[in-house]
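All chains should be built: construct the whole structure from the sequences, respecting the hints.
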Amino acid sequence: MEGTSEEDGAGERPASTSEIVIESAENGSSGVAGDLDGQNVESQALNSQPEDPHEGQHVDSKITADGENVTQIENGAEIVETSGVVEEAESVPKDPANEGQEEGALTQPTEVLDETAAVKEGEEASVVQMEEPAAPPPPDLPPYIPPEVGPDYIPVARLPPLPLPYALNEDGRKIPLHGVESIFLTGSTVEIIGITHLGGDKEGGKLADFVYKEKILQDIQFRGAISDFHVIKTKVLESDFDPLLIKINEEDAYGDGNNFELVLSKEVADVWNYIEEETARRQQLRIDEELRAAIERAKPRSQKKRIVKPWNSRGSELEIEEASVFAKREPLQMVIQRRRREFYQAFKLTDKDAHELWNSSQMECRPFKDPNFDLRHLEQERGVQAVPETSSIAIQAGGGRPITSSNQTVPLELTAVQKQEVLGSQDLSKFFDRVMYQCEEALIQNEVTNIFRDDFASLAEDDAVSGNRKEANITEVQSFTHLTYSKNKVVSAVQWLPHRKGVVAVACTEAASYAERVAKAGRPAHAYILIWNFKDPIHPEFVLQAPFETAAFQYNPFNPDIITAGCYNGQVVMWDMSSEHERIAAMKYSKSKDPDAGDEAQIPVVKWRFSSAVEFSHHSHITDLVWMPGIDCNRGRFTRLGEGSKECNFFATTGGDGKVNFWDIRVDRLMKKGRKAADDSDLVWKPVHTVALVSLLGMELGGTKLCFHHEMEKGIFNIASFDGELLHGQYNKPEGDEHGEDTKLCIQAHVGPVMALERSPFFDNILLSVGDWSFQIWREGQAVPLFQSGYASEYYTCGCWSPTRPAVIYLVDTSGNLEVWDVLDRSHEPSMRATLSSSPFMSMSFMAGSAAPNQTQQLLALGDAAGSLRIVELPRNLRRPVPNEVKLMGNFLERETNRMGDVAARAPARTAALKAAEERKKAKEEAEAAKDKEPAVPQPTAKQVAAKALEFDEKAEAEYYKLEHAFKIKLGLLSEEEPN
Numbered sequence: 000m001e002g003t004s005e006e007d008g009a010g011e012r013p014a015s016t017s018e019i020v021i022e023s024a025e026n027g028s029s030g031v032a033g034d035l036d037g038q039n040v041e042s043q044a045l046n047s048q049p050e051d052p053h054e055g056q057h058v059d060s061k062i063t064a065d066g067e068n069v070t071q072i073e074n075g076a077e078i079v080e081t082s083g084v085v086e087e088a089e090s091v092p093k094d095p096a097n098e099g100q101e102e103g104a105l106t107q108p109t110e111v112l113d114e115t116a117a118v119k120e121g122e123e124a125s126v127v128q129m130e131e132p133a134a135p136p137p138p139d140l141p142p143y144i145p146p147e148v149g150p151d152y153i154p155v156a157r158l159p160p161l162p163l164p165y166a167l168n169e170d171g172r173k174i175p176l177h178g179v180e181s182i183f184l185t186g187s188t189v190e191i192i193g194i195t196h197l198g199g200d201k202e203g204g205k206l207a208d209f210v211y212k213e214k215i216l217q218d219i220q221f222r223g224a225i226s227d228f229h230v231i232k233t234k235v236l237e238s239d240f241d242p243l244l245i246k247i248n249e250e251d252a253y254g255d256g257n258n259f260e261l262v263l264s265k266e267v268a269d270v271w272n273y274i275e276e277e278t279a280r281r282q283q284l285r286i287d288e289e290l291r292a293a294i295e296r297a298k299p300r301s302q303k304k305r306i307v308k309p310w311n312s313r314g315s316e317l318e319i320e321e322a323s324v325f326a327k328r329e330p331l332q333m334v335i336q337r338r339r340r341e342f343y344q345a346f347k348l349t350d351k352d353a354h355e356l357w358n359s360s361q362m363e364c365r366p367f368k369d370p371n372f373d374l375r376h377l378e379q380e381r382g383v384q385a386v387p388e389t390s391s392i393a394i395q396a397g398g399g400r401p402i403t404s405s406n407q408t409v410p411l412e413l414t415a416v417q418k419q420e421v422l423g424s425q426d427l428s429k430f431f432d433r434v435m436y437q438c439e440e441a442l443i444q445n446e447v448t449n450i451f452r453d454d455f456a457s458l459a460e461d462d463a464v465s466g467n468r469k470e471a472n473i474t475e476v477q478s479f480t481h482l483t484y485s486k487n488k489v490v491s492a493v494q495w496l497p498h499r500k501g502v503v504a505v506a507c508t509e510a511a512s513y514a515e516r517v518a519k520a521g522r523p524a525h526a527y528i529l530i531w532n533f534k535d536p537i538h539p540e541f542v543l544q545a546p547f548e549t550a551a552f553q554y555n556p557f558n559p560d561i562i563t564a565g566c567y568n569g570q571v572v573m574w575d576m577s578s579e580h581e582r583i584a585a586m587k588y589s590k591s592k593d594p595d596a597g598d599e600a601q602i603p604v605v606k607w608r609f610s611s612a613v614e615f616s617h618h619s620h621i622t623d624l625v626w627m628p629g630i631d632c633n634r635g636r637f638t639r640l641g642e643g644s645k646e647c648n649f650f651a652t653t654g655g656d657g658k659v660n661f662w663d664i665r666v667d668r669l670m671k672k673g674r675k676a677a678d679d680s681d682l683v684w685k686p687v688h689t690v691a692l693v694s695l696l697g698m699e700l701g702g703t704k705l706c707f708h709h710e711m712e713k714g715i716f717n718i719a720s721f722d723g724e725l726l727h728g729q730y731n732k733p734e735g736d737e738h739g740e741d742t743k744l745c746i747q748a749h750v751g752p753v754m755a756l757e758r759s760p761f762f763d764n765i766l767l768s769v770g771d772w773s774f775q776i777w778r779e780g781q782a783v784p785l786f787q788s789g790y791a792s793e794y795y796t797c798g799c800w801s802p803t804r805p806a807v808i809y810l811v812d813t814s815g816n817l818e819v820w821d822v823l824d825r826s827h828e829p830s831m832r833a834t835l836s837s838s839p840f841m842s843m844s845f846m847a848g849s850a851a852p853n854q855t856q857q858l859l860a861l862g863d864a865a866g867s868l869r870i871v872e873l874p875r876n877l878r879r880p881v882p883n884e885v886k887l888m889g890n891f892l893e894r895e896t897n898r899m900g901d902v903a904a905r906a907p908a909r910t911a912a913l914k915a916a917e918e919r920k921k922a923k924e925e926a927e928a929a930k931d932k933e934p935a936v937p938q939p940t941a942k943q944v945a946a947k948a949l950e951f952d953e954k955a956e957a958e959y960y961k962l963e964h965a966f967k968i969k970l971g972l973l974s975e976e977e978p979n
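Start counting the sequence shown at 0; every next residue gets the next number (numbering that gives the first Met the number 0).
No lab work stands behind these hints, which were simulated from the structure alone.
As the structure is a prediction and not an experimental result, all values here were calculated from the model.
Even glycine gets a Cβ: it sits at the ideal position worked out from N, Cα and C.
It is possible that some hints are incorrect.
Stated by the list, open to error - Across the chosen pairs, the derived CB separations fall in these ranges: (1) Val-750 x Ala-518: 25 to 31 Å; (2) Ile-319 x Asn-890: 57 to 63 Å; (3) Leu-422 x Ser-814: 51 to 57 Å; (4) Leu-348 x Val-155: 56 to 62 Å; (5) His-580 x His-708: 32 to 38 Å.
What the hints assert, rightly or not - As a list, the in silico DSBU-like pairs of lysine-lysine whose alpha-carbon atoms are at most 35 Å apart: (6) Lys-265 x Lys-500; (7) Lys-685 x Lys-713; (8) Lys-954 x Lys-942; (9) Lys-246 x Lys-234; (10) Lys-685 x Lys-173; (11) Lys-486 x Lys-645; (12) Lys-930 x Lys-942; (13) Lys-534 x Lys-368; (14) Lys-645 x Lys-713; (15) Lys-606 x Lys-519; (16) Lys-713 x Lys-886; (17) Lys-212 x Lys-173.
This is the structure:
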């Protein structure tokens, strides 16, 4: 390789700049390395037509210049120039015979023009041969310093979120945007339109590219109906830009099995480009922010910048100002005095509980109810007389001049003009406007007041109520109803959410008769469970959608995100809310952004996740559902998981088909090993254990309510039926008794369906049953009730124990009344009755946590047959137990037990006495019959009775035909000559 100086224009260059023209002896290529003044210069040999025998071999030449030293690397050979003198080692093609030699060894020196001589025009360059020195180290690049930002800079974390490249349907699933088509392209189509380079695993990782419409239309024209673009041909023709944007869909984002997305709208393409550019820009901004933060942290404390941000008002100061309390008057001055001899007295401080001080005589400041604040002061109108005041004065008049003994004055009256001025004055009009509503209120109060009420009769009630009269009333605090989901429907079940305060769920069913339900049988009709929040009494927070109407549902006590319900067709459904909270929150956010949206669009709907197989479900509607916390079931054996276990995986259901089914919510475990379900609908959910119920008549017992023992591992349960029966059974059979009877005891308790069956929260073996027009208290395992109420005037529909008072029972009836029974106070009638609705109440439930002793409020939810949910607050005397109430209730139950034992002990004697009385009565009748000697009247035989009845029927039929003939003649349908 030779280096020659460039002659043309060399005199016009500065003296400090030189150029080297390098010609390759191998292939005739040449290159220029310019500006060697303290800069790194690279030269790449240009390809030209080879003229030597080594045609086709490419020789690369690279020159770097650093100050005065120049280094050239050419196909492994290195040329070094020092102080303007260059030494070159030519690189020739490798000879197979020289494969053992070291790669890059110098073979032949090359003549190079001296840099200083090249500057002078017309002088030849001298050739110097030198040994190759060591290559200089590469220069260090300066560190990257992020740009400075101004005070208006917004951090990336505070930037608004980017738009989504997809949309969401009503189920929360991803769908393509309007103007985007999700398609599936085969490998041949990908090669035809030239997008084989797209993909995250390809070189460059490019996911999107542009394709001209002409290519797509040519593919459609050439391949016709088999083209992958044939189904969207019209949309491709109508697209508003060219070329079209296509993006690979490797993860099947929409779940439709397609692998590409084609953008047919310029607006969507701009959005996608904006998302890509903005994502890259924000990524760089994050890097810059991290670098600036690192640089700032590395600075000493004295050099750190203190950024003072301007005050940005967001309304907090207004809230503080509204919440602040300002004095409206001057402070009062008080003087507290104490005798000097009381100073420096010994004292001792002790701590006492508040409930001890409440009734203690040592409590100096006792709380009390001030009746002055309960009274409503009204303005009083009093009549006045517009005459001067008169006074009676005794006067004694002596002899002499006469003295007037009395005075008479004329009343002050207004003239007609003055009256007109007063009636037309603004003050009088303002006065009338001010008192008009108060006068109307007084008049309305007079209308609604019962003037025939005996005030003395109500004095006894006032004396019977302890404390303030207002504290003994049941008040309604909230009411919920919805025009679409619950209006004119029956609230069949009510449940409070165990993990959220002030949130209650209700199940609504159609008020249809048996014939109407039979007519609709087999038709899927969605039903809903409404979740109400006290914060919004108009719109439900969200609704749970079920395939059929539900009459019973329960929240999992340990995992409130799991809800199970029993349907009218016998199926069991389950919801899993763990994956729905984000979607509900997003819909709430969109609701706040768009308040004009429709009512139905604002309420999130959550569909069920699992439903039981119809062939393994109940054959009649499910009436009750109960969870079994801390219990595990293995092949029909129920065991306790362990002390303090927080698992609840099993629940039981009962229905009208005479069965109790036990279910496991871990539905995925039902699949066989090695198999996986493609979808939740592929799983076959069936009960893990079933117990058959037998009634007194030996038939299937249709269950209405189910109740377990507190110690569920014992396997004891009680169930009520539609025929008024109570069944005591065992679902966990002991060892060795595989085929024992599930039914241990079955008794007739009521004459109608049992509407409620509940175990006492204070006594494990005491049960409450509500049915027909009465309620009964039972001891578990006994055939006779301990206590039975008298028959009420209205039919009872539901009932329950008080969670805080052992002796109090709450009942509701078909007239909308709420009755409170205190068996320690009155056992023959309710202690309190309140009419809260004009429709029958069908369900009731106490708020979760009502059994806590420190509760200051006890709420009861009542659902009626008109679709309304009413929340009532119970007074203090029904919320707080009386002293030793548990002991007193235990004594009451013990007395009733002893009474029943005494009745059972005296039963044989009473039976013998009744038998003896019947025998005496029979002997007396026989003696009277012996005295009567008259012959007995012969009784007609059966044949005579039948003949007489037949004769009577013939006469009646002839009389009927005679009347019918006369009636037709009267109507003109027959003439008198026509025979009958």
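Evaluation of the provided hints:
Distance hint check for Val-750 and Ala-518: the Cβ-Cβ separation is about 30 Å, which falls inside the suggested range of 25 to 31 Å. As the Cβ distance of Ile-319 to Asn-890 is approximately 58 Å, the hint placing it in 57 to 63 Å holds. Taking 51 to 57 Å as the suggested C-beta distance range, the pair Leu-422 and Ser-814 conforms, at roughly 54 Å. For Leu-348 and Val-155, the hinted distance range of 56 to 62 Å is satisfied, since their beta carbons lie about 58 Å from each other.
A beta carbon spacing of about 35 Å between His-580 and His-708 agrees with the range 32 to 38 Å that was offered as a hint. Restraint check for Lys-265 and Lys-500: the C-alpha separation of about 50 Å exceeds 35 Å, so the hint is violated. This hinted pair checks out: Lys-685 and Lys-713 have alpha carbons roughly 24 Å apart, not beyond 35 Å. As the CA atoms of Lys-954 and Lys-942 are separated by approximately 19 Å, the hinted pair is consistent with the 35 Å bound.
As the CA atoms of Lys-246 and Lys-234 are separated by approximately 17 Å, the hinted pair is consistent with the 35 Å bound. Our distance criterion of 35 Å between C-alpha atoms is met by Lys-685 and Lys-173, whose separation comes to about 32 Å. Our distance criterion of 35 Å between C-alpha atoms is broken by Lys-486 and Lys-645, whose separation comes to about 38 Å. As the CA atoms of Lys-930 and Lys-942 are separated by approximately 32 Å, the hinted pair is consistent with the 35 Å bound.
Note on Lys-534 and Lys-368: the hinted pairing holds, with a Cα-Cα distance of about 30 Å set against a maximum of 35 Å. In summary, the hint linking Lys-645 to Lys-713 is supported, as the alpha carbons are separated by about 19 Å, within the 35 Å threshold. Our distance criterion of 35 Å between C-alpha atoms is met by Lys-606 and Lys-519, whose separation comes to about 22 Å. Simply put, Lys-713 and Lys-886 have alpha-carbon atoms about 27 Å apart, close enough for the 35 Å limit, and the pair holds.
Between Lys-212 and Lys-173 the alpha-carbon distance is near 27 Å, which keeps this suggested pair within the 35 Å criterion.
Violated hints, listed in ascending order, are 6, 11; each of the other numbered hints is respected by the structure.
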